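Here the protein sequences line up with chains A and B, keeping their order. Just so you know, the first sequence maps onto residues 1 to 545 in the working numbering. Just so you know, the second sequence maps onto residues 1 to 137 in the working numbering.
Treat the hints as calculated values from the structure; they're not laboratory data. Just so you know, not all the hints are guaranteed correct.
[What the hints assert, rightly or not] Within a straight-line C-alpha distance of at most 16 Å, the following computed EDC-like cross-link-like pairs (lysine to aspartate or glutamate) qualify:
id, chain 1, residue 1, chain 2, residue 2
1, A, K471, B, D96
2, A, K471, B, D97
3, A, K270, A, D214
[Stated by the list, open to error] So, partial list: chain A residues that the calculated Cβ filter (under 7 Å) puts toward chain B:
id, residue
4, K126
5, A439
6, Q441
Computed from a predicted model, the values in this text were never measured in an experiment. Where is the CB? At the ideal position from N, CA and C, for every residue including glycine.
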Amino acid sequence: MDKKTWEEKHVAPTIKRFPERKSEFETSSGIPLERLHTPTEIDETYQEKLGFPGQYPFTRGVQPTMYRGKFWTMRQYAGFSTAKESNERYKFLLSQGQTGLSVAFDLPTQIGYDSDDPMSLGEVGKVGVSIPTLDDMAVLLDGIPLDKVSISMTINAPASVLLAMVIAVGKRQGVAPHQLRGTIQNDILKEYIARGTYIYPPRPSMRLITDVFDYCAREVPRWNTISISGYHIREAGSTAAQEVAFTLANGIAYVQAALDAGLDIDVFAKQLSFFFNAHNNFLEEVAKFRAARRLWAKIMKERFGAKDPKSWRLRFHTQTAGSTLTAQQPENNVIRVAVQAMAAVMGGTQSLHTNGRDEAIALPTQEAAQIALRTQQIIAHESGIADTIDPLAGSYVVEHLTDEIEKMAQQYIQNIDDMGGALTAIEQGYVQGEIHEAAYQYQRALENNAEIVVGVNQFTVAEETPIDRMKLDPAIEAAQCERLKALRERRDNAKVAELRGQIATAAQTDENLMPLFIEALENDATLGEICHTLRDVWGEYRPTL
Amino acid sequence: MKTPRILIAKPGLDGHDRGAKVIARALRDAGMEVIYTGLRQTPEMIVNAALQEDVDAIGLSILSGAHPVILPRIMTLLQENEMEDVPVFLGGIVPDDDIPGMLDLGVAAVFGPGTKLETITDFILDCVQKAQDPAAS
């Protein structure tokens, strides 16, 4: 394909439906910026390695106009304390120009425990919002139009249950399931690898995931059913190449599980999404995103034989790297976040979370969250890097790094295939071992100053200036327990017991569990009760150390 | 001095174990024996492990903010088991203004983000040496 054909066949129809932000883009000197700058001659190597935006192998982006059409979704991950307080933070962020929501749940919710479970001691409302019941979810999403604002939820082992809550709240708001837009993380493999909020053993966990794929393809078609995440793998200490490799290897395992469950690749693959980290090494990070896109397209097309070009596209969310934030001289984190966010934008992300400067210490204050959002807005509206597509393409170093990261990732994926796939590689501790080794080597490099972190091992100050930090009310744990007690007193407990029985029975067959989850929640069964019902049937995952 | 035995534990529901694992390895490289509990340990499980393994020090890693609830429970259980002489050190995300409260509970040291591995290993070796040979201090 030449550029003219691309413009006529792919760009023009897109612009007709979604006009670009401006009719012309130019620099301060009046130099026009083309939508896409390319080599003068489009040869076979260019076609094969880069192609055009929105075209296989998608190295230059998944859409034909990218940010000339609309900016990435600015989606700040937030949630703390109770549903009411988090709802207020969401409304604040939306009023400040944020364009999508991203819900952070507390650890009990993420691991399927009610607030009054003994395992929840001290954790309620701490790292996110506590949502053990449908009523809590209704308060969390109160006044947020679910047909207009997309909701992303960082929830994994109990993702299906939390999605069922959103569907039920949508019904109450008069929004049908097919109108709902959003994402559940639903990526259990990286929980075993790096993040730790697993509940059940791998086999039933994979079944819950394919239940969601199947249900959503029919009922909630605009929902991203999984966000296959390299973010936490990177935070745990992996390299950029390992981040791509282990994420895509997990992606392969999910696709294979869905195929084994009898699902049609060109039906479920469009609803897969990804989540990457934006780390410090700017050029390598830009290359990483491009390499990931190209490699996934090849995997879907060549390995799995997907036919629909939409199935080949790697769409991803990005978050700046939490582990790079320093507790020392925390104002410097604003700069780190800006550099990382620029890498994500240069790499063609679909949505972005920028961290608060204070997040090495606590959850972000409202002020820190606002600066983080403003950072994205400055990049979007002032830097000009969003005015032409894939601006670093053709840079000798960026193309070289893109090729090298792809090659290294392919080698890892080959190793994992040889071991029998991602699940086996995780069960044998291979993936965790590789990450741990990289983390330890990095720590050693810090110790002997081979790596410099400004304000930590160089350019330190004698006296740190204290900054405000977010403080949470410790009384909310008791208050959540009271709410649960009241709920259990007023609901129809015989009905709840009956529905829990039905879930237990269905869990032993291959019946899709989603409709039962919705019914149970609508009858005030709690998240913890549903998850305990499944624990009783399936048992719990115990990692080998 | 006999080889120090150290328990590294992750209390509560927090899954961030990069720090705990790096510390465990650094302590091993410094010649200590390390028992790592893995995730989701209740205070009872941790104190029980410390007792069974007869450890010389206990390292706890918490990044979720649950330390104000979890630490008092662990320190009480240690007292009940007459293990108050086993030094407890804490790492992870512990805001500055929470540190005095932790030390008041009897925590020997709090190591925040950016602490050098050497600082931690030296501290532990020193504690253990003093406990094994009180005359040397």
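Can you list which hints this structure breaks, lowest number first?
Violated hint: only 6; rest satisfied.
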